[in-house]
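Engineer: One-letter residues, chain by chain:
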Amino acid sequence: MSLLEILDHTGVFVFAITGALVAVRKEMDIFGFVVLALMPAVGGGTLRDIMLDVPVFWIVDNTYLFVTLAAAIVTFFAHRLIQRLSELLTWLDALGLSVFCAIGCAKALELGYGPVVAVVMGVITAVAGGIVRDVIANESPLVLHKEVYATAAFAGSVVFVVSPMPDQVSLLAAIITAFVVRGLGITFGLSLPTVKHS
Amino acid sequence: MSLLEILDHTGVFVFAITGALVAVRKEMDIFGFVVLALMPAVGGGTLRDIMLDVPVFWIVDNTYLFVTLAAAIVTFFAHRLIQRLSELLTWLDALGLSVFCAIGCAKALELGYGPVVAVVMGVITAVAGGIVRDVIANESPLVLHKEVYATAAFAGSVVFVVSPMPDQVSLLAAIITAFVVRGLGITFGLSLPTVKHS
Amino acid sequence: MSLLEILDHTGVFVFAITGALVAVRKEMDIFGFVVLALMPAVGGGTLRDIMLDVPVFWIVDNTYLFVTLAAAIVTFFAHRLIQRLSELLTWLDALGLSVFCAIGCAKALELGYGPVVAVVMGVITAVAGGIVRDVIANESPLVLHKEVYATAAFAGSVVFVVSPMPDQVSLLAAIITAFVVRGLGITFGLSLPTVKHS
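Residue numbers (my numbering), protein chains in the order written: chain B, 1 to 198; chain V, 199 to 396; chain A, 397 to 594.
Rather than coming from a laboratory, the hints here were simulated on the basis of the structure. Cβ coordinates follow ideal geometry from the N, Cα and C atoms, glycine included. It is possible that part of the hints are untrue.
[Claimed, not checked] Far from chain B by the CB rule (all over 10 Å, computed), these chain A residues:
(1) M397
(2) E401
(3) V431
(4) L432
(5) V452
(6) L488
(7) E506
(8) V512
(9) V558
(10) P560
(11) D563
(12) L586
(13) L588
[Said to hold, decoys possible] With a cut-off of at most 20 Å between alpha-carbon atoms, the simulated SDA-like pairs for lysine to any residue come out as follows:
(14) K503/A - V558/A
(15) K394/V - S86/B
(16) K394/V - L309/V
(17) K394/V - R25/B
[Claimed, not checked] Which bits of chain A does chain B cover? Going by a derived footprint, with three or more residues having C-beta under 8 Å, they are:
(18) 439-449
(19) 461-475
(20) 491-503
(21) 522-535
All chains should be built: construct the whole structure from the sequences, respecting the hints.
Structural biologist: Encoded structure:
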């Protein structure tokens, strides 16, 4: 297993926990936990693969499903403990975000798509599943309101696309960029300006 | 028309009515009825076919659309009558659920996918459309809260996958299993445990 | 650039503005504007292309993304001005609706699908994205309640499908039909009957 694969599965695990934590708040049963865990964990990549018309990644490699299932079950039984780790989770989530955008971007480029589509796919891989999670939970998606979150995925994706370095180095550069941007957002509580509706 | 096809179309008709009944509650117009009827009736199977990258079933066979349309129109004009049949509907819905999970599972296996993907597709075929119905109607999906519903689809799908019997027999065994599990849930008001958020 | 392409891009721009205006009401950040603008602008066509299993139109031609992005940015900075143009927007939206249903319908027929699928795709192209926009914004989709909106897309699609005239003429007839139906709805405040839930 390469470092990238380890990071990828860690990202899936942490994203799945963010979904399961919403299920805690909504007082769902174990099936609700699994569904809400699946959305952020594999939802964005699923949408990406369907749009790029390639086999859906978790259908090819079922490990992603088992990782998600594990996260849902762990959260179901240990949600009080997990909620106390919220700061750690925020940073692991930032890591997942960074890895996901780089992977989505790389996949699109490898398939021969142009830089614009690659950046869009990077952002979709990283944030679309979280939006679906919030929509299913009947909440207005947080990422659309005010946080440096999608911006981080966008920055990472752009770095990957414009990077003239070999793929492995570009991937690392993209992950670090996204992580730093997101990390600055977390540390300083930065947020994008919103409109005031009057 | 085989028995399976009759059960399949009955399932589509009943699932469509469950969608249209949400449209009654939301005081929608006839178009709203059709859209909300389509979600549970063909939504899960559509998602399954898109993920498995095969032609969408109702594009191949338009009958499913007409059955759904009929259910929407009948419910629009006779919703008071239909609402009085709620117990019958619950049991027909259980039948639809059972048939859908078996069909979804069988389709995935026939296409050469493994048992894990087949079970996932069985559950998606049976419950995904109902989730989308509730999300569009701006309600938190009932199936994620507490009911032995997805569990029944899961049980039926597992039985189909592990069954060593010929396909027709496995299909029947899966349908009966799902129906019995769901039926026990209905009869005894069983529900999965949920977390208590504190 | 043909007249149809100009109308198509105008439709995308106006539909994107309707999405961005929901983002104004929800006090979202610029990313929220872009996401909500994308839904009505390219969402319906994306769903259509995925269901018909052809390359997604905006992946083939990125112009649609830039038009949407422009609409989102313009609305972010000039939403007060745009909101004062609401009547103009309503009519441009009617034009977009008319063009989208004709294009969706034409695409399905060209690919060899039958009239029923073509009409469904015409309606999906025109209205599905708007439904997703409302769902993401956590609102019950307006189009499902009471307005002559989907009906206009339906009427335009049916005219296209039954028209015995050459494609260009049929396209024009479909656009005009949808626009007139929608226009009558706007002018006279027509709406489809809804059920009364009691």
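Engineer: Which of the stated hints cannot be reconciled with the structure, identified by number in ascending sequence?
Structural biologist: Of the numbered hints given earlier, those the structure breaks are 3, 4, 5, 16, 20, listed in rising order.
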